[in-house]
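K.L.:
So you can see what is in the structure, the chains are spelled out below.
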Amino acid sequence: MTMTLVNKAGFNDQQLIEAYRKMCLIRLFEEKVDYFFAKGMIHGTTHLCVGQEAAAVGSGSVLRHSDWITATHRGHGQTITKGTDINKMMAELFGKTSGTNKGKGGSMHIADIATGNLGANGVVGGGYPIACGAALTAQMKHTDQICLCYAGDGSTNEGSFHESLNMASIWKLPVVFFIENNQYGMSGPIKETVNIQDLSTRALSYGMPGITIDGNDLIAVIDAVYDAVERARKGEGPTLIEAKTYRWKGHSKSDAKKYRTREEEEQWKTERDPIANFKAKLIRAGLLSEAESEEILVKAAEVIENAVAFAEAGSKPDEDQLMTDIYAE
Amino acid sequence: MREITYTEAVREALSEAMREDESVFILGEDIGIYGGAFGVTRGMLEEFGPKRIRHTPISESAIAGAAVGAAITGMRPIFELQFSDFITIALDQIVNQAAKIHYMYGGNVSIPLVMRTPGGSGTGAAAQHSQSLENWTAHIPGLIVIQPSTAYDAKGLLHSAIANNNPVMFYEHKLCYRTKGDVPEGKYFIPIGVADIKRQGKDISVIATSYMVHKALEAAEILAKEGIDIEVVDPRTLVPLDKKTIVDSVKKTGRALVVTEAVKRSGFSSELAAVISEEESFDYLDHPIVRLAGAETPIPYEPTLEKLAVPQVNDIVTACRNIMAAK
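Just so you know, the sequences run in chain order A and B.
Just so we're aligned, residue 7 is where the first sequence starts under the numbering used here, counting upward by one.
Just so we're aligned, residue 11 is where the second sequence starts under the numbering used here, counting upward by one.
Looking at chain B on its own, in the form it has when it is part of the complex (with noise of 0.2 Å):
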């Protein structure tokens, strides 16, 4: 199989919705001849024209709520968000209109429309730019909220945002964006709601999100030289939660390592500890739940304390340590 980048997986899987489906377009800021500030729709407008890729002003509740009265009215938009800590802006439309027209309606309309947006930190661009809200849409009955890793999971689980009648909230990584994988060509769908297992092992379950993924495949590296043997769970879907990977995953092991890159503080890793510790995973645990996730601190922008406000690799690989060493 071929490999391509993140960026260009979710690039394949927009062209690829949008060649099929005429009711297919994707507003935002600086999509069209700039290719969007992380390039993921660069040579889009060329293709698909400035009607269907469709730059706006910077008005993020006008974007927001245009994919809203857009897929009320018979279209399946697709909105980016520049950065994932603009959706302050477009909240309202988000939260009290998106998610909640189906059900106030009495079930008498669908939203067909995804909210595709990068997140998290890495890059430089501290506190305005670096967050990791996923969690402020993971709590909102009536979002599907989906944070793929690799390049495959990110065009398969946007084929499926694309294809779902509900609003999706699609959490891409800045980081991830250059990260390559094996990509089947065509039309593929990755379903919502359910995990990977990206790393089989026996000693500790790491569910970890988004980035993350990719740091606790590289500690299990490590730590495999170390004869600890950590299995990798990515929930790929926030909402809805593959529990039962989750909990299986635990159980096989007896350890659980919560591994995210939002706040700690009322972030998705106190979802995933709350579930392995409700289920009856929590029966079979040898060990407390141990969480890493990020400092209770706005993002730096100096590069030593950026790195220090999340969780990094060594972090990942001292706690599976000493998890093990705990008796």
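Extracted from the complex, chain A is given alone in its bound form (with noise of 0.2 Å):
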């Protein structure tokens, strides 16, 4: 006896359960990078979306191919989840000319126009404007494109969300403000840098639509996420959620995590893990099993160690790509 998890975007049970496949794979990715930076294997920093699977592949799953993303700096899962190849993202990671940005980019960076995806940024806030002008593209092109903007709650205190997001509005620009609020910005709680409880509020000063959602209940992210494609795609303009989450792991790889508590960390682990939580909703529903979620834990992990040789047998850049793509023809 199995029974259907209704949803808006009417996702059918084996949607349901590649987007369950889609979280794992990307908590398994995240994982293997964290190991590789903490060994010193790879350089530079990374970003972890660890605990925040559900609000990337929640919302990333409503969108069609053609659609745009703009990714942030912790962007790995929205990316996974627009399609880009999980084998060029871990060779962008080692810096091999096989990556996604042919090596130049690094982890901040990642961005695969093929699939959609505008870009990562290394500067928070930097993809409101960005989002906006692709959302304009479509518009004047008249296309039924749409663009997701990723956010941070941290930049939501940048002077780009304000202008944006005005902008966007009185345009009736086709995009969707999605901000993943873990929390924190870096080291500063959110309740510390705003005076409001829900940043979604913000929405009403721009006359727009804004909710405030649990991100870490997939179906919740789905369900918002739709609302707010559909109403962009009608023409009718934008939409700002906020999708209330927890990274379980420090803002890049030097944090020691100092601003926090162990507690706070160990409460959203064991009562709010978007991926068990899930995986529990499934299993009540009948639509999967403890064995067969353990295949698709497999198979994920496959996947990762693939990427992993792919990475690996890839080559570093010549000397002489330092000095090229710097203008285009």
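Keep in mind the hints are simulated off the structure, nothing from the lab.
Be aware that one or more of the hints could be misleading.
[Claimed, not checked] Across the chosen pairs, the derived CB separations fall in these ranges:
#, chain 1, residue 1, chain 2, residue 2, range
1, A, K197, B, S25, 50 to 58 Å
2, B, L318, A, I176, 37 to 45 Å
3, B, K197, A, K197, 52 to 60 Å
4, B, E288, A, K322, 31 to 39 Å
5, B, G196, A, L328, 38 to 46 Å
6, A, G46, B, S25, 53 to 61 Å
7, A, L210, B, R275, 44 to 52 Å
8, A, L328, B, K254, 19 to 27 Å
This one's a predicted model, so the numbers in the text were calculated from it and none came from an experiment.
Yeah, the Cβ is synthetic: ideal placement off N, Cα and C, and Gly gets one too.
Dock the two chains into a complex; use the hints.
P.N.:
Here it is, written out as structure tokens:
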């Protein structure tokens, strides 16, 4: 006896299991990347989205291939969901020419125009105006594409947030602003850096709908983003969504996490793990068994191992790459 | 050939490009019914409509960034910054986004956009509306920087800028707007990265940018009566810089005077002087390179002080006389 998990996007059982698989894949990808950085096997830095998988997958799953996203510096999950080849992502982190950006961008700048990913951004709030510009293209060319603009809680205090949300609203741009509120801008708790409970209430001042959701509840994310995407596609303008979530890891690889308690972390991990909770939901609905879940994990681990092998097999850029592609032809 | 103003030349290039290519559009503050703070887009709203002559909120970061996003996704936006001083608000999108995306993404996408903006002093607009900040963008790899001094150059270079697949910073000068020159009708291109010798001469190479070209040409007339024959070299584009034309000119004259309106310290005049010293022109110098540039001060309001802040015709004349007098 199975039960349907009702969702506004109309995803069927298979699609929901696929969403679950993607969340698992993202977590394993991030944990593998964490391992490589901790071991010093990859240089530079990275920002991991472990704990935020439902926000990435719930939102990205609603999009069409032709839609665009602007990703954040914590964007691996967003990028995987939009359809970027994991092999190329891993190769990019390894600095290989087979990477998404030929090894020149690294974790913070992964972009994949072919899948509609206009790029992760190393500047907090940097993606807001760019997302408006992409949406403007869709509007001017009369396509039905939309742009999903990912951003973090901290970025809502940037000027670009204000300028862009206002512009998007007055021009009714087909854009969805999706804030992953993971509670901290690096070390700054959002509750100390804004004087409001819900970031989505800021939407009021731009004349657009705003909604705060449990970003760790996959179905809640799907529903909210589906409504916002439909609204944008119909030409009714932007929406501001705040998805409350939590980043399990530190800000980047150097973080001792002195600004929060281990108890708080444990609570989010045990009570509000987006993957465990959705798995329980699938099992309760009779859509997934423990054995099937185990198989999904095993297969996801294989995909990650293959990505590592692909990355390791790639070549480092030649020295002449230093001065290549500074200007376009 | 017919004579038109610099303003009209810029407007013609914009209009011709927009008639030819639907993906070209303009966004900026007050560019619609007002016609832009300096009247450059006057009449364009009537021809092209509000979707393509897009009046924006006062939001320079969103204006610049929307241009970046539109460029990545297949449009060819032109954005007008009402005064080049306001680039401070737009710089993240220009410097960290537009300039870097092509390289950072491994060459997988291009950013065909143009920023048009008026710089310079001389209108009594005081410290926050009169600066010459072009070297800020000239410093950033990934940007092209153009500073046309004449109506003819403005039109031909703007056509090249719009057709270029990179972010192009197009610095106009407020005092150039009303200058007139012979400008062909219809579309023509002046290649980016090619300097122009505005006046041939044998005694001193005066390398001048933007409105300083006009002042140098005026100085040349005065100096000619005294038997001093200066050559006026206009780089026209700062990035890429046509070093060869500058170096060849200095090799010919053996003397170099660099004239820019921008503040002297760390300004583009420093770059021009460095090029002359680094290249083989150095061996031909009969006199140390002289720089005339903006005083190291904010631009003051009061007209006498404002004039004192940037090189004037007399300063160029005096500098040239001194160079020729030294033995």
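K.L.:
Looking only at beta-carbon atoms, does the pair L210 (chain A), R275 (chain B) fall within the given range of 44 to 52 Å?
P.N.:
Holds: the Cβ-Cβ distance is about 47 Å, inside 44 to 52 Å.
K.L.:
Starting from the hint 50 to 58 Å, judge whether the C-beta atoms of K197 (chain A) and S25 (chain B) obey it.
P.N.:
53 Å, holds
K.L.:
Between G196 (chain B) and L328 (chain A), is the Cβ distance one that fits in 38 to 46 Å?
P.N.:
With a Cβ separation near 41 Å, G196 (chain B) and L328 (chain A) satisfy 38 to 46 Å, so the hint holds.
K.L.:
Quick one: are L328 (chain A) and K254 (chain B) within 19 to 27 Å, going by C-beta?
P.N.:
Because 24 Å falls inside the window, the suggested range holds.
K.L.:
Regarding L318 (chain B) and I176 (chain A), is the given constraint of 37 to 45 Å on their beta-carbon distance met?
P.N.:
44 Å, holds
K.L.:
Given the range 53 to 61 Å, decide if the beta-carbon distance of G46 (chain A) to S25 (chain B) lies inside it.
P.N.:
Hint holds: Cβ distance 58 Å, inside 53 to 61 Å.
K.L.:
Taking the CB of K197 (chain B) and the CB of K197 (chain A), does the distance hold inside 52 to 60 Å?
P.N.:
Between K197 (chain B) and K197 (chain A), where Cβ atoms are some 58 Å apart, the hint holds.
K.L.:
Quick check: does the Cβ-Cβ distance between E288 (chain B) and K322 (chain A) fall within 31 to 39 Å?
P.N.:
32 Å, holds
Checked against the numbered hints above, the structure violates none of them.
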